[in-house]
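Q: The chain contents come next:
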Amino acid sequence: MPVIEVTNLHKRYGDLVAVEDVSFSVEAGEIFGVLGPNGAGKTTTVECVSGLRAPDGGGVSVLGLDPRRDGARLRQRVGVQLQESQLPDRLRVAEALELYASFYRDPAEPARLIDDLGLGDKRNTPYKKLSGGQKQRLSVALALVGNPEVAILDELTTGLDPQARRDTWGLIERVRDRGVTIVLVTHFMEEAERLCDRVAVIDGGRVVALDSPVGLVSRVVPEQRIRFRPSSPVEDHLFTDLPGVSAVTRSGTQVVVTGTGELLHAVTAVLARNQIVAADLRLEQSTLDDAFVELTGQRPAD
Amino acid sequence: MHAFGQILKIETRLYLRDFTSPLITIALPLALLVVFGLIPAGRERNPQFGDRAFIEYFAPSLLVITLAMSAVNILPIVLATYRERGVLRRLATTPASPAALLAAQLVISLATILVGAVLLIGVGWLAFDVPLPRHPLGFTLALVLGTAALLALGLLVAAMARTTKAAQGLAVPVFMVTMFFGGVYLPRFLLPDFLVRIGDYTPPGVQALLDAWTADAPQPLPLAIMTVIAVIAGATAAKLFRWE
Numbered sequence: 301m302p303v304i305e306v307t308n309l310h311k312r313y314g315d316l317v318a319v320e321d322v323s324f325s326v327e328a329g330e331i332f333g334v335l336g337p338n339g340a341g342k343t344t345t346v347e348c349v350s351g352l353r354a355p356d357g358g359g360v361s362v363l364g365l366d367p368r369r370d371g372a373r374l375r376q377r378v379g380v381q382l383q384e385s386q387l388p389d390r391l392r393v394a395e396a397l398e399l400y401a402s403f404y405r406d407p408a409e410p411a412r413l414i415d416d417l418g419l420g421d422k423r424n425t426p427y428k429k430l431s432g433g434q435k436q437r438l439s440v441a442l443a444l445v446g447n448p449e450v451a452i453l454d455e456l457t458t459g460l461d462p463q464a465r466r467d468t469w470g471l472i473e474r475v476r477d478r479g480v481t482i483v484l485v486t487h488f489m490e491e492a493e494r495l496c497d498r499v500a501v502i503d504g505g506r507v508v509a510l511d512s513p514v515g516l517v518s519r520v521v522p523e524q525r526i527r528f529r530p531s532s533p534v535e536d537h538l539f540t541d542l543p544g545v546s547a548v549t550r551s552g553t554q555v556v557v558t559g560t561g562e563l564l565h566a567v568t569a570v571l572a573r574n575q576i577v578a579a580d581l582r583l584e585q586s587t588l589d590d591a592f593v594e595l596t597g598q599r600p601a602d
Numbered sequence: 003m004h005a006f007g008q009i010l011k012i013e014t015r016l017y018l019r020d021f022t023s024p025l026i027t028i029a030l031p032l033a034l035l036v037v038f039g040l041i042p043a044g045r046e047r048n049p050q051f052g053d054r055a056f057i058e059y060f061a062p063s064l065l066v067i068t069l070a071m072s073a074v075n076i077l078p079i080v081l082a083t084y085r086e087r088g089v090l091r092r093l094a095t096t097p098a099s100p101a102a103l104l105a106a107q108l109v110i111s112l113a114t115i116l117v118g119a120v121l122l123i124g125v126g127w128l129a130f131d132v133p134l135p136r137h138p139l140g141f142t143l144a145l146v147l148g149t150a151a152l153l154a155l156g157l158l159v160a161a162m163a164r165t166t167k168a169a170q171g172l173a174v175p176v177f178m179v180t181m182f183f184g185g186v187y188l189p190r191f192l193l194p195d196f197l198v199r200i201g202d203y204t205p206p207g208v209q210a211l212l213d214a215w216t217a218d219a220p221q222p223l224p225l226a227i228m229t230v231i232a233v234i235a236g237a238t239a240a241k242l243f244r245w246e
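Listed in order, the protein sequences are those of chains P and C.
Per the working numbering, the very first residue in the first sequence carries number 301; after that it's consecutive.
Per the working numbering, the very first residue in the second sequence carries number 3; after that it's consecutive.
Just chain P, same shape as in the assembly (with noise of 0.2 Å):
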């Protein structure tokens, strides 16, 4: 049984229609990615899941609970971080950690969260000195205090430099190996393709694709590059002759091959028959950003 069900979610505000059709489903332990476009509805459809707001369409279920009539339940089990939410400046990293803990049955014990987020030397920092990643930490610490089932992160890593969303990026890793199902909104294609076992692609209100990053990357941008400088010279037909090859080009002494399915095992192929050695081989793929942009006709933030 899926931990989150989504089923033609609808959510208006006035006559903005901030989701228009959105359905997807959550399996125990998995990481799972809510992409899209600022404005796609990425956020209303989490705080729909978080029991913030009513749907005005659709359901949606969270461990088997409604997260509107069930909420006193399901706040006991899901931790939530919130995109641009923060403390009380003089509030001290160990001071919101034994709040936050003191709300739930079940919680984690605050000191060792602390040193699991490496806030360890900040216990006694007011929030208003702690760094954006060490918010950020103290943020997520937040959110797993009540040792919850599911946690759903909001741009988690917005406003780190790439060594503190690097950082988080493990911790993420760490949670989900506790056994944590992990819902992560996210603008970063290389976030998502780092962390996500899948993704759902928001875009307009509507998911637009749903599947894993390896497996969205390859159904929506199939074409693969070869670069090679060949030893000896060849002709263009070798490759062309090939299936799947769509495109031959060529760069000074460098040969670019440009085709779909299993290009490289049939280029080396070839290149093996013809004893030709190719040095400085490489194959380049489309990325999760590719995929992004054919999907939803806009480039990723960065």
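Keep in mind the hints are simulated off the structure, nothing from the lab.
The C-beta atom is built at its ideal place from N, Cα and C for all residues, glycine as well.
Among these hints, one or two may not hold up.
[To be verified] Here are the simulated DSS-like pairs of lysine-lysine, each with C-alpha atoms no more than 25 Å apart in a straight line:
#: 1; chain 1: C; residue 1: Lys167; chain 2: C; residue 2: Lys241
#: 2; chain 1: C; residue 1: Lys241; chain 2: P; residue 2: Lys435
#: 3; chain 1: P; residue 1: Lys429; chain 2: C; residue 2: Lys241
[Said to hold, decoys possible] Reference excerpt, derived from the structure (chain C facing chain P, CB under 10 Å, subset only):
#: 4; residue: Gly7
#: 5; residue: Arg15
#: 6; residue: Arg91
#: 7; residue: Arg92
#: 8; residue: Asp202
[Unchecked claim] If you anchor each label on the Cβ, the simulated ranges turn out as follows:
#: 9; chain 1: C; residue 1: Lys167; chain 2: P; residue 2: Ser546; range: 20 to 28 Å
#: 10; chain 1: P; residue 1: Asn424; chain 2: C; residue 2: Lys167; range: 27 to 35 Å
#: 11; chain 1: P; residue 1: Val514; chain 2: C; residue 2: Asp20; range: 49 to 57 Å
#: 12; chain 1: C; residue 1: Leu108; chain 2: P; residue 2: Arg478; range: 34 to 42 Å
#: 13; chain 1: C; residue 1: Ala105; chain 2: P; residue 2: Arg405; range: 20 to 28 Å
#: 14; chain 1: P; residue 1: Ala394; chain 2: C; residue 2: Met162; range: 30 to 38 Å
#: 15; chain 1: C; residue 1: Tyr187; chain 2: P; residue 2: Gly314; range: 41 to 49 Å
#: 16; chain 1: P; residue 1: Gln585; chain 2: C; residue 2: Leu108; range: 37 to 45 Å
#: 17; chain 1: P; residue 1: Ala372; chain 2: C; residue 2: Leu128; range: 30 to 38 Å
Dock chain C against the given chain P, drawing on the hints supplied.
A: Only chain C this time, still in chain P's reference frame:
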């Protein structure tokens, strides 16, 4: 209940850590009481003040400082800041309710006002012969209703303002009007009679506090008006208040 206790504990700590807020709210009126009490003329009976000493006449206005600071200045700005920064929204995702945070802030306001009033009455009595409230029941009633009216106005400001800036913009005029009609900026004997009369009915109702403190039972009409203001402003605030 456990969560509320923890929230109250932490919010009290944050309030005291802020330092300037409790300082202005409690220590400033006390310091002014001491200053006026040390001036001999401040302690002489004067027919201008209804046969009271100036310090007796002015003490209720000093109490207005505590009330106004706490209820229509600090409270709405703290709540608006918490809302703007997403503190309330974040709490809404946990088993604790943001209402617990609101309740904790109200408890802190009430406690501040209680401590401020007790210190002002105590120091005035011990050091400067200001009598203890002569009509304790009337005084308690006037203080409770005046406080309720001001807290309701403070909550209304917090409910109407969408941002911290807007809350400050709304709170400052309400605060200044409260202070002015409470006779803080200018002692009321210097004000024209019609302004003094308006002040009788402006929260927290300084004349009712003065009557009950130094003379007799307060008039019922101002008390009734404080009740009406508390109910209307409180209900409107409850209707308008948003957690985010």
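Q: Each hint should be assessed against the structure and marked as holding or not.
A: Results of checking the hints against the structure:
1. Lys167/C <-> Lys241/C: holds (21 Å)
2. Lys241/C <-> Lys435/P: This hinted pair is violated, its Cα atoms lying about 34 Å apart.
3. Lys429/P <-> Lys241/C: violated (36 Å)
4. Gly7: holds (8 Å)
5. Arg15: This hint holds: arginine 15/C lies near chain P, its Cβ roughly 7 Å from the closest one there, short of 10 Å.
6. Arg91: Holds - the Cβ of arginine 91/C comes within 10 Å of chain P, reaching about 6 Å at its closest.
7. Arg92: holds (4 Å)
8. Asp202: The hint is violated - aspartate 202/C has no Cβ within 10 Å of chain P, the shortest such distance being about 39 Å.
9. Lys167/C <-> Ser546/P: 20 to 28 Å: violated (58 Å)
10. Asn424/P <-> Lys167/C: 27 to 35 Å: 31 Å Cβ-Cβ, so the 27 to 35 Å window holds.
11. Val514/P <-> Asp20/C: 49 to 57 Å: holds (52 Å)
12. Leu108/C <-> Arg478/P: 34 to 42 Å: holds (39 Å)
13. Ala105/C <-> Arg405/P: 20 to 28 Å: holds (21 Å)
14. Ala394/P <-> Met162/C: 30 to 38 Å: holds (36 Å)
15. Tyr187/C <-> Gly314/P: 41 to 49 Å: holds (45 Å)
16. Gln585/P <-> Leu108/C: 37 to 45 Å: violated (60 Å)
17. Ala372/P <-> Leu128/C: 30 to 38 Å: Check failed, 50 Å falls outside 30 to 38 Å.
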